[in-house]
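Chemist: Residue-level listing of the chains:
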Amino acid sequence: MTGTPLLSLAIWVPIVGGLLVLATGSDRNAPMARWLALVSAVLGLLVTIPLYQHFDTATSAMQFVELSPWIHRFNVNYHLGVDGISMWFVILNAFITVIVVIAGWEVIKEKVAQYMAAFLIMSGLMNGIFSALDGVLFYVFFEASLIPMYLIIGIWGGPNRVYAAFKFFLYTLLGSLLLLIAFLWLFLEAGGKFGILDWHELPIGMTAQTLIFWAFLISFAVKVPMWPVHTWLPDAHVEAPTGGSIVLAAIALKLGAYGFLRFSLPIVPDAAHAMAPIIIGLSLIAVIYIGFVALVQTDMKKLVAYSSVSHMGFVTLGFFIFNQLGIEGAIVQMISHGFVSAAMFACIGVMYDRMHSRQIADYGGVVNTMPKFAALFMLFAMANSGLPATSGFVGEFMVVLGAIQFNFWTGFAAATTLILGAAYTLWMYKRVVFGAIANSHVAELTDINGREFLFLALLAAGVMAMGLYPFPFTEVMHASVDNLLKHVAMSKL
Amino acid sequence: MDMKSLYLLVPLAPLAGAIIAGLFCRVIPRWVAHTVTILGVAVAMVASWVIFQDVQAGNTFDGSIYTWMEAGGIKFEIGFLIDPLTSLMMLVVSSVSLMVHIYTVGYMADDEGYNRFFSYIALFTFSMLMLVMSNNFLQLFFGWEAVGLVSYLLIGFWYTRPTAIFANLKAFVVNRVGDFGFLLGIGLIAAYAGSLNYAEVFAKGADLANLTVELIPGSPWMLVSVICICLFIGAMGKSAQVPLHVWLPDSMEGPTPISALIHAATMVTAGIFMVARMSPLFELSDAALSFMLVIGATTALFMGFLGIVQNDIKRVVAYSTLSQLGYMTVALGASAYSAAIFHLMTHAFFKALLFLGAGSVIIGMHHDQDIRNMGGLWKHMPITWITSLVGSLALIGTPFLSGFYSKDSIIEAAALSHLPGAGYAYFAVLAGVFVTALYSFRMYFLVFHGKERFGKTNEHHNHQGDQDDEEPAANHHHGLAPGQKPHESPWVVWLPLVLLAIPSLIIGFMEIQPLLFGEYFKGAIYVAPVHEAMAEMAAEFHGPVAMAMHSFSHGPFWLALGGVLLAAFLYLFATDLPGKILKVVQPIHTLLDNKYYFDKFNDAFFAAGARLIGRGLWKGGDQVLIDGIAVNGSARMVGWVAQIARLFQSGHIYQYAFAMIIGVFILLTFYNRG
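So the sequence lines, in the order shown, correspond to chains A and B.
Counting in full-length UniProt numbering, the first sequence runs from 1 upward without gaps.
Counting in full-length UniProt numbering, the second sequence runs from 1 upward without gaps.
Hints are supplied without guarantee of correctness; some may be wrong.
[As the list claims (entries may be wrong)] Distance condition first, Cα-Cα at most 16 angstroms in a straight line; then the derived EDC-like pairs of lysine to aspartate or glutamate:
#: 1; chain 1: B; residue 1: 75; chain 2: A; residue 2: 475
#: 2; chain 1: A; residue 1: 372; chain 2: A; residue 2: 447
#: 3; chain 1: B; residue 1: 619; chain 2: A; residue 2: 299
#: 4; chain 1: B; residue 1: 4; chain 2: B; residue 2: 62
#: 5; chain 1: B; residue 1: 379; chain 2: B; residue 2: 286
#: 6; chain 1: A; residue 1: 492; chain 2: A; residue 2: 270
[Claimed, not checked] Below, a sample of chain A positions facing chain B; criterion: calculated Cβ distance under 7 angstroms:
#: 7; residue: 285
#: 8; residue: 289
#: 9; residue: 292
#: 10; residue: 295
#: 11; residue: 325
#: 12; residue: 328
#: 13; residue: 400
#: 14; residue: 408
#: 15; residue: 411
#: 16; residue: 413
If you're looking for bench data, these hints aren't it; they were derived computationally from the structure.
The C-beta atom is built at its ideal place from N, Cα and C for all residues, glycine as well.
Please build the complete structure, drawing on both the sequences and the hints.
Modeler: Now the structure itself:
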């Protein structure tokens with residue numbers, strides 16, 4: 001197994017699968033496109049499983065490394081590898097792809113092959129982002145992954161999809177250009193090397209560090225998204241089809257956060273320390289401000305989108321308090337949010353497919369006609385409010401503990417999510433699911449079918465497993481996070 | 001079977017029942033659902049009894065089951081601590097739960113959600129057992145939130161009722177306010193003690209006591225006081241202490257069996273149990289103890305007053321529960337942890353009895369809960385009548401009955417405490433005795449004695465006693481038809497009443513000696529030598545009989561008697577007098593009827609305020625400032641600049657030439673000066 005290029009498989013199996021799906025052409029072949037997509041997605045997941053099985057938890061070094069020259073002239077390499085920070089995201093991404101394919105099975109009726117292909121290709125590209133160890137390779141994957149998402153929102157999206165797609169694209173592209181400039185500067189400074197690990201060792205002066213930090217920050221903050229550059233997210237989610245929202249929330253938001261860990265903290269540690277108060281401040285604003293904003297949303301998707309911003313505030317907070325609980329908690333929160341937000345959007349999608357409305361006011365008493373669905377939705381709502389024994393608790397708990405170690409009031413502000421998160425999530429749940437049947441549309445609802453049960457149950461299994469036994473998740477992180485913390489503690493001046 | 005497997009069996013047996021009844025609730029017949037869950041809880045109770053005996057023989061246990069997670073140098077574990085305190089709680093929880101399970105067979109017989117209900121209460125039993133058996137703060141928090149979840153699900157059990165789903169949301173969110181404090185306390189412990197294991201934290205207690213933290217720069221506070229107050233805020237949520245008590249009366253929207261199990265006997269006492277468990281920490285902080293005295297005393301007295309004006313049978317018992325929880329908190333504040341746990345235990349039995357009795361009355365009355373429509377039920381429901389009388393007598397502290405021993409010990413402890421606030425607490429718990437007797441026997445007389453007022457035509461069921469959550473067209477309320485008489489409930493309902501009446505009578509008499517003045521809690525509860533209340537009481541204690549005889553010459557007995565006599569006078573003899581009194585004291589009655597305006601304030605200030613802030617930030621912040629000015633503004637700015645720049649590209653050669661000449665001129669001027 002050691003000789004198998006697992007990471008290349010994780011990237012190219014879905015992409016090749018996606019191209020094959022695309023080749024099935026028009027909607028006449030839709031059934032074949034669906035099955036082919038499912039097979040590719042499952043294969044894509046299977047090839048990532050050995051990453052966990054053969055992962056060596058004792059080392060912080062990159063594992064499953066693949067290195068071959070790509071562009072000689074600029075010393076660009078096809079360099080892949082994962083450590084304890086990135087490994088889970090490759091698996092999570094492959095898992096979510098399977099969910100998305102099942103979730104879109106009967107729901108997408110037009111341009112089926114193109115829809116499935118877009119998700120498969122995006123899945124491969126995002127695996128590339130998580131495993132790239134070369135700056136140019138990273139950048140190519142990072143930018144390329146924008147295109148399928150842009151198309152997904154722009155083609156299969158809601159009525160205002162073009163505005164949302166443009167907003168999404170321009171927002172993120174603006175950030176990426178600064179990232180490119182920073183990469184080029186680092187390339188020159190490192191004496192013509194694009195290796196990310198080389199950049200980790202590169203001594204940089206404070207002024208340059210600060211400039212690079214800001215370039216990184218703008219680029220990654222948009223992706224996370226951090227307050228105040230978050231406003232593209234609710235628009236994008238509202239217009240995106242269910243699958244698009246799932247991938248956007250579960251994986252795409254993690255790219256920015258991952259960038260902080262792979263670039264900002266190790267490459268410019270001194271600037272990261274100097275700027276930490278600003279980031280912590282922005283994170284806490286995200287947690288509290290967005291929590292209040294989520295409370296008053298009338299559109300379920302917007303509510304969950306804002307709740308995502310609030311939860312991602314925990315991630316950036318965890319990174320910049322610079323202790324093990326904080327960083328590991330943030331990574332756990334990222335994985336958990338992958339399950340929980342995917343599940344929340346999937347649940348809203350299930351209702352939307354039947355009612356064609358996302359407005360809370362159009363619902364009421366769904367439990368009467370969809371009891372099985374209501375039970376699963378309850379589980380995810382509780383996970384979203386951070387109930388212990390669900391995955392949502394683990395990351396928040398760790399970050400709050402880490403934050404209290406760092407400073408009591410930071411922990412205090414972060415812990416308000418316990419109240420706000422429960423309030424906005426359960427208030428929505430109450431208005432949508434509980435109560436007497438509100439109108440004739442709700443009365444006609446049918447409960448989830450086997451396919452819907454399957455993907456919700458898979459997500460539920462992830463949520464519960466991580467909540468009851470997070471040990472395997474954190475176990476793989478320790479060495480890498482310790483190494484990262486050591487790195488961050490050393491000045492590069 | 002070794003003991004460790006037996007420990008595991010206690011929570012897992014009810015869990016297995018809950019999973020079977022829950023996952024297959026739509027396919028299994030009813031008898032399967034109640035058999036598996038009752039069996040599971042019965043196994044837990046028998047095992048708890050065996051463990052109780054084993055602990056009394058001196059075998060305690062403190063060890064982990066599995067490592068949940070490891071991070072930041074802290075091991076987060078799931079594990080058990082089996083000591084006298086735990087084994088007592090296990091016994092109380094499993095036995096009350098078993099009674100409630102049996103009772104439910106009768107009470108929920110006509111309900112569609114029968115299987116679901118059994119699944120929930122078994123799940124609750126599991127969660128509560130995990131909470132009390134924990135040997136660390138993580139699992140404690142797990143159990144803490146899990147019982148909150150089940151409480152949420154059960155309050156909203158009848159999910160089509162607007163009042164029920166309002167009440168369960170309120171209960172969850174208010175509890176979360178408490179949990180917020182609780183989590184901060186746990187976080188501080190993790191940060192300063194570097195562990196969440198009870199034994200390890202307690203071992204570091206002395207070190208923690210010497211630390212101070214400056215939460216507000218310039219004013220150092222004792223760290224341990226901050227920790228204890230944070231933890232106690234958690235207890236205030238769960239154990240419904242003022243001002244976080246507001247959810248408990250509304251929780252009566254849930255079916256009566258869970259009001260007995262969760263909102264009287266077990267879950268709401270989790271806060272009391274937690275503080276007793278943390279006695280090695282709380283003993284280090286006089287500030288936290290004083291805080292508890294004041295909060296507990298306020299709850300004990302002022303919530304008792306509210307019980308007097310309620311007309312819904314369950315709400316009277318609910319306010320009584322609040323008041324009794326206040327008594328337990330006072331005991332904690334007076335460092336009389338064993339007395340608090342003792343009262344917790346006796347209260348679990350007699351309050352579960354009172355609630356189940358109320359439930360039996362509600363069945364007899366065909367789901368009319370207004371005590372003004374009852375009266376004279378003693379003839380029709382003799383078993384319910386006698387057992388409710390036993391429960392009421394135990395509650396008001398009749399000598400020789402269980403409540404007497406536990407409550408008198410608390411009053412005594414409050415008298416002997418010297419902390420700031422103890423004087424107020426003593427006054428409150430003493431006055432509370434009179435109030436308790438008054439509201440208890442007001443209810444008792446209105447329900448079981450006097451004229452039969454049921455079966456009237458054209459009744460108005462004012463079941464809630466408060467206006468804000470009154471539901472129009474309450475279709476779940478029937479009441480008795482004219483001429484119809486209530487009947488005694490079936491045996492599954494009255495058997496638990498009888499079985500609970502027995503400990504309500506005798507358990508105080510039997511257990512006061514070992515629990516309060518014996519060695520029972522040795523090693524489980526720690527009391528600092530400076531807090532000598534319990535030690536002084538022990539010196540005065542000459543056996544349960546002497547204590548009861550002695551009480552006849554004591555204030556509390558006469559206060560209770562006065563309360564009963566007043567209730568008898570007002571509600572049996574001069575029945576038109578209460579109405580007249582109300583008119584005279586209208587402002588006070590309005591205040592009580594509105595429950596001191598806590599709910600109105602919370603709605604107007606916190607709930608509406610949060611929505612206002614949310615709307616302001618959303619419309620003002622996100623839509624106007626960020627999107628309107630920054631994002632779309634930038635887009636407009638680009639367009640605007642382009643508009644201007646376009647003007648320069650006019651295509652007229654003379655304009656370009658003119659611009660060039662001006663430019664050259666400026667450059668020349670500039671460089672010549674340099």
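Chemist: Indicate, hint by hint, whether the structure satisfies it.
Modeler: Right, here's what the structure says about each hint:
1. With a CA separation close to 12 angstroms, the supplied pair residue 75 (chain B) and residue 475 (chain A) stays within the 16 angstroms bound.
2. Taken as a hint, the residue 372 (chain A) and residue 447 (chain A) pair is honoured in the structure, with Cα atoms around 7 angstroms apart against an allowance of 16 angstroms.
3. Restraint check: the Cα-Cα separation between residue 619 (chain B) and residue 299 (chain A) comes to about 15 angstroms, which is no more than 16 angstroms; the hinted pair holds.
4. Taken as a hint, the residue 4 (chain B) and residue 62 (chain B) pair is honoured in the structure, with Cα atoms around 10 angstroms apart against an allowance of 16 angstroms.
5. At roughly 53 angstroms between alpha-carbon atoms, residue 379 (chain B) and residue 286 (chain B) are farther apart than 16 angstroms, so this suggested pair is violated.
6. A threshold of 16 angstroms between alpha carbons decides the hint, and for residue 492 (chain A) with residue 270 (chain A) the separation of about 7 angstroms falls inside it, so the pair holds.
7. The closest approach between the C-beta of residue 285 (chain A) and any C-beta of chain B is roughly 10 angstroms, which is over the 7 angstroms cut-off, so the hint fails.
8. At about 5 angstroms, the closest approach between the beta carbon of residue 289 (chain A) and any beta carbon in chain B falls short of 7 angstroms, and the interface hint on this residue holds.
9. Given the 7 angstroms rule on beta carbons, the hint for residue 292 (chain A) holds: about 4 angstroms separates it from the nearest Cβ of chain B.
10. Residue-level restraint check for residue 295 (chain A) holds (minimum Cβ-Cβ distance to chain B is 4 angstroms; threshold 7 angstroms).
11. Contact between residue 325 (chain A) and chain B, as hinted, is supported at the beta carbon level, the nearest pair being about 4 angstroms apart and thus within 7 angstroms.
12. Interface restraint check: residue 328 (chain A) against chain B, minimum CB-CB distance 5 angstroms, threshold 7 angstroms, status holds.
13. For residue 400 (chain A), the shortest C-beta to C-beta distance to chain B is roughly 6 angstroms, which falls under 7 angstroms, so the interface hint holds.
14. The interface hint given for residue 408 (chain A) holds, since its Cβ lies 6 angstroms from the closest Cβ of chain B, which is under the 7 angstroms cut-off.
15. The criterion of a C-beta within 7 angstroms of any C-beta in chain B is met by residue 411 (chain A), whose closest approach is roughly 5 angstroms, and the hint holds.
16. At its closest, the beta carbon of residue 413 (chain A) sits 11 angstroms from a beta carbon of chain B; the interface hint therefore is violated under the 7 angstroms criterion.
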